[in-house]
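*Asks:* Residue numbers (our numbering), protein chains in the order written: chain A, 1 to 242; chain B, 1 to 561.
Bear in mind the hints are in silico, worked out from the structure with no lab data behind them.
Where a beta carbon is used, it is the ideal one built from N, C-alpha and C, also for glycine.
Watch out, some of these pointers could steer you wrong.
[To be verified] Not everything, but these chain A residues come out facing chain B in the computed CB check (under 8 Å):
1) L24
2) L73
3) F129
4) R166
[Claimed, not checked] With a Cα cut of at most 25 Å, we get these calculated BS3-like pairs of lysine-lysine:
5) K158/A / K53/A
6) K146/A / K158/A
7) K114/A / K146/A
8) K157/A / K557/B
9) K26/B / K124/B
10) K114/A / K94/A
11) K26/B / K9/A
12) K9/A / K557/B
13) K539/B / K557/B
Spelled out from the first residue to the last, the chains are:
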Amino acid sequence: MSANEGALKHHFEDIEQQRGAERLGMWMFLATEVLFFGGVFLAYTVYRIWYPKEWAAASGQLNVLVAGINTVLLLTSSLTITFAIRAAQLGNRKALMNLLAITGILGAGFMCFKAYEYNQDYEEGLVPFCKNFGKELVHDPDDHSKALSTFNDQWEKKGIAPQRIRLFMTFYFIMTGIHGLHIIIGIGAIFYLWYRAYMGWITADRYVGVEVTSLYWHLVDAIWLFLMPLLYLAGPHHGLHF
Amino acid sequence: MSTATKHEAHASNEHPAHSAHVSYLKDGWSIWSWLFTVDHKRIGIMYLVMLTIFFGVGGALAGLVRTNLLSPTGLIMDNDTYNKTFTAHGVVMLFLFLIPSIPGVMGNFFVPIMIGAKDMAFPKLNIASWYVWMVGASFAVFALLTGGIDTGWTLYPPYSSRSSHSNVVPGVFGVFITGFSGIMTGLNIIVTMHRMRAPGMTWGRLPLFCWAMYATSLIQLLATPVLAIALTLLMVETGSNALGMPIGIFDPALDGDPLLFQHLFWFYSHPAVYIMILPAMGMVSELLTCFSRKNIFGYTAVAWSSVGIAIVGFLVWAHHMFVAGISYYAALLFSLLSMFVAVPSAIKIFNWTATLYRGAISFQAPMIFALGFLVLFTVGGLTGIPLATLGSDLHLHDTYFVVAHFHFVMVGGMVLGYLGALHYWWPKMFGVMYSDFWSRIGAIMICVGYVTTFTPQFWLGYHGMPRRYPNYPAEFQYLNVLSTAGYSIQAAAFLLIHTYLIASFFTGKKAGPNPWGATGLEWVAESPPITHNFEATPKVVCGPYEYSLNMTQTGEKADVR
Numbered sequence: 001m002s003a004n005e006g007a008l009k010h011h012f013e014d015i016e017q018q019r020g021a022e023r024l025g026m027w028m029f030l031a032t033e034v035l036f037f038g039g040v041f042l043a044y045t046v047y048r049i050w051y052p053k054e055w056a057a058a059s060g061q062l063n064v065l066v067a068g069i070n071t072v073l074l075l076t077s078s079l080t081i082t083f084a085i086r087a088a089q090l091g092n093r094k095a096l097m098n099l100l101a102i103t104g105i106l107g108a109g110f111m112c113f114k115a116y117e118y119n120q121d122y123e124e125g126l127v128p129f130c131k132n133f134g135k136e137l138v139h140d141p142d143d144h145s146k147a148l149s150t151f152n153d154q155w156e157k158k159g160i161a162p163q164r165i166r167l168f169m170t171f172y173f174i175m176t177g178i179h180g181l182h183i184i185i186g187i188g189a190i191f192y193l194w195y196r197a198y199m200g201w202i203t204a205d206r207y208v209g210v211e212v213t214s215l216y217w218h219l220v221d222a223i224w225l226f227l228m229p230l231l232y233l234a235g236p237h238h239g240l241h242f
Numbered sequence: 001m002s003t004a005t006k007h008e009a010h011a012s013n014e015h016p017a018h019s020a021h022v023s024y025l026k027d028g029w030s031i032w033s034w035l036f037t038v039d040h041k042r043i044g045i046m047y048l049v050m051l052t053i054f055f056g057v058g059g060a061l062a063g064l065v066r067t068n069l070l071s072p073t074g075l076i077m078d079n080d081t082y083n084k085t086f087t088a089h090g091v092v093m094l095f096l097f098l099i100p101s102i103p104g105v106m107g108n109f110f111v112p113i114m115i116g117a118k119d120m121a122f123p124k125l126n127i128a129s130w131y132v133w134m135v136g137a138s139f140a141v142f143a144l145l146t147g148g149i150d151t152g153w154t155l156y157p158p159y160s161s162r163s164s165h166s167n168v169v170p171g172v173f174g175v176f177i178t179g180f181s182g183i184m185t186g187l188n189i190i191v192t193m194h195r196m197r198a199p200g201m202t203w204g205r206l207p208l209f210c211w212a213m214y215a216t217s218l219i220q221l222l223a224t225p226v227l228a229i230a231l232t233l234l235m236v237e238t239g240s241n242a243l244g245m246p247i248g249i250f251d252p253a254l255d256g257d258p259l260l261f262q263h264l265f266w267f268y269s270h271p272a273v274y275i276m277i278l279p280a281m282g283m284v285s286e287l288l289t290c291f292s293r294k295n296i297f298g299y300t301a302v303a304w305s306s307v308g309i310a311i312v313g314f315l316v317w318a319h320h321m322f323v324a325g326i327s328y329y330a331a332l333l334f335s336l337l338s339m340f341v342a343v344p345s346a347i348k349i350f351n352w353t354a355t356l357y358r359g360a361i362s363f364q365a366p367m368i369f370a371l372g373f374l375v376l377f378t379v380g381g382l383t384g385i386p387l388a389t390l391g392s393d394l395h396l397h398d399t400y401f402v403v404a405h406f407h408f409v410m411v412g413g414m415v416l417g418y419l420g421a422l423h424y425w426w427p428k429m430f431g432v433m434y435s436d437f438w439s440r441i442g443a444i445m446i447c448v449g450y451v452t453t454f455t456p457q458f459w460l461g462y463h464g465m466p467r468r469y470p471n472y473p474a475e476f477q478y479l480n481v482l483s484t485a486g487y488s489i490q491a492a493a494f495l496l497i498h499t500y501l502i503a504s505f506f507t508g509k510k511a512g513p514n515p516w517g518a519t520g521l522e523w524v525a526e527s528p529p530i531t532h533n534f535e536a537t538p539k540v541v542c543g544p545y546e547y548s549l550n551m552t553q554t555g556e557k558a559d560v561r
């Protein structure tokens, strides 16, 4: 009797069939995710081609430093969850728990920075659903008198249509919002894995749960690698600062 | 790998003490044994119950629409109510009946049995899909009951987002959620077919219903997410209008693009037509071989044409937008691509006809449904050609010609396939036979009713009656009355069908494992099947339609009558 007996669910013939099913299931799910994000990428691209000036202006207002830090956090977390698979396969419970915890904390760090950024957007009057949109007094980098003015005034001076900025910011919030939701779900899954590892339920023959979760995590990471340049690097920035 | 091979030796003596010999219907009697089941067969039955209810609702709404159209000025309701009624009919029939129907009921129930598996690959995901679907359906029904939606099921902005003061957001949210249910079912079926096939069940020996379900599931997986994102954007836009901070993602007044929504919407909703029709096509392949006692003609061609339809189906969406303002060259390309759908469809029709040729045909109810499908689907398919042709589409677009065309395909095609499947597998699902005489009468009435309802609409549309209008010129009245009369025949037929099917529980004689003398793996299992489907994992020795050898897929004699 191998340890596989316990890991095998009743309706599978053998453990490799079960692992194959779980892997394929996750890959299929990832395919739906690609199409899901593909739709909003398409919509984004249409308007970026139509309204390049507004896209550049709005993108330049986003906080590219925070986005850069977040990119580093997510890429590192992809590395640690890959090591976690190895730890699970070797039955190294201690290392598995540590690596899962680091991955989850990196993901949570990403969300904290994201929340900071959303708050900053609100304070600068960049949230298209809020009444203060374009009305907050902010610094205009092109105006050398250092006087504060509203975004609405700045856009009017540069001949930029505010409803197109709103369109960009809507896409920004929808895309990062849906992505953030995926990160939160991923953090939940990773901490559930951590709990299972803590209880000693993830034995070497049950590593596949870690593997499929990592597949999901890599996809969420990869989507960010598209979101980051599309949203933050579509226009010139004036220096890096928090 | 060595542990895996070692493990195979243990696989056969699992669960020795399990109640393996009880039929799935008798394995637990409490309501919880149904609500918390992970048995794919019980989940299929749960879908069947809910789908029957929604089909009744959708059918009743169609009745209201047809009754109103009896008079040129609208017989029973004002124009606003009429808009809400046909929208409700469309939403209920499409999202709560047609799309989940065969995948939910027959896909869940029969795909694992037909490939010789004990269950779906992900049983918990399977029951979750039913609950998710129920949550989505609740939102949609809530939206329709508390004020309704007046946009038509296509939900085009900017009307739906800016001008319509109806329940767009909860209704759209409901549809959004039901989409996830479809993705779950599709994913489950694909993984099950890849990983759970019994020994000897090669891809070349899969029943054609399974091939069709595979193609359907591919569409569900790849198209539904695009609808989900389109509906998300629509909800954001509608919500922003409600909040008084309008954002024009699709609103041209705010620099948005209404055509973008139509592209995203039809990128799902055109392939969704194939989600509806492909399972019915798979079903017809099963029925025609069984009731003409012949091997299927051109197995490989029929199997791959399902996949072909799924692929081509992704490339034709813009033929819904010929008059919406897409470029001339785009229209030309999509017109050409739409014609290509005819190729795999015709491959199927010709192979089915060749299957019938010199067969020993018996006209039992499932066969009448299958033959009805053949005729009605061919009419529906052929009338699609003038709609895919740019010149004639200018004339026919948004008229009753379109309504008649897609009802011939979806209702004449899909619903007949569904009813055929239900009648064919009823003895397998419940272990009882329904009345042979009344079922034949019911099947004939359905076919007659469909033809009477929808044929006049070709004339109406050709002569210019637009769809979705409550009023029409007086000279169109006799055709509208004829159409409504056809509806009455259908309604009577559905009542009859439900009556004798329900009566079969009480008076029907017991069906053996193989009442039709069919050859598929599902007929080797008991009627109704035991919880784990088979006493032991079956060994498949031949293809699914060995009627010439009178042999089931496990090599036993098929027809012992």
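*Asks:* Now tell me, hint by hint, if it's right for this structure.
*Replies:* Verification of the supplied hints:
The criterion of a C-beta within 8 Å of any C-beta in chain B is met by L24/A, whose closest approach is roughly 5 Å, and the hint holds. Restraint check, L73/A versus chain B: the minimum CB separation of about 26 Å is more than 8 Å; hint violated. For the restraint placing F129/A at the interface with chain B, the shortest Cβ-Cβ distance is roughly 5 Å, inside the 8 Å limit, so the hint holds. Given hint, R166/A at the interface with chain B, holds; its Cβ is 6 Å from that chain's nearest Cβ, closer than 8 Å.
Between the alpha carbons of K158/A and K53/A the distance comes to roughly 10 Å, so the proposed pair stays at or under 25 Å and holds. Taken as a hint, the K146/A and K158/A pair is honoured in the structure, with Cα atoms around 17 Å apart against an allowance of 25 Å. As the CA atoms of K114/A and K146/A are separated by approximately 28 Å, the hinted pair breaks the 25 Å bound. A hinted pair counts as satisfied when its Cα atoms are at most 25 Å apart, and K157/A with K557/B does not qualify at roughly 86 Å.
Distance check on the hinted pair: K26/B and K124/B sit about 21 Å apart at the alpha-carbon level, within 25 Å; holds. Straight-line distance between C-alpha atoms of K114/A and K94/A comes to about 30 Å, which puts the hinted pair past the 25 Å bound. Of the pairs offered as hints, the one joining K26/B and K9/A holds, with about 23 Å between alpha carbons and a cut-off of 25 Å not exceeded. For the given pair, K9/A sits about 34 Å from K557/B by alpha-carbon distance, which is inconsistent with the 25 Å threshold.
A hinted pair counts as satisfied when its Cα atoms are at most 25 Å apart, and K539/B with K557/B qualifies at roughly 15 Å.
The structure is inconsistent with the numbered hints 2, 7, 8, 10 and 12, although it conforms to all the rest.
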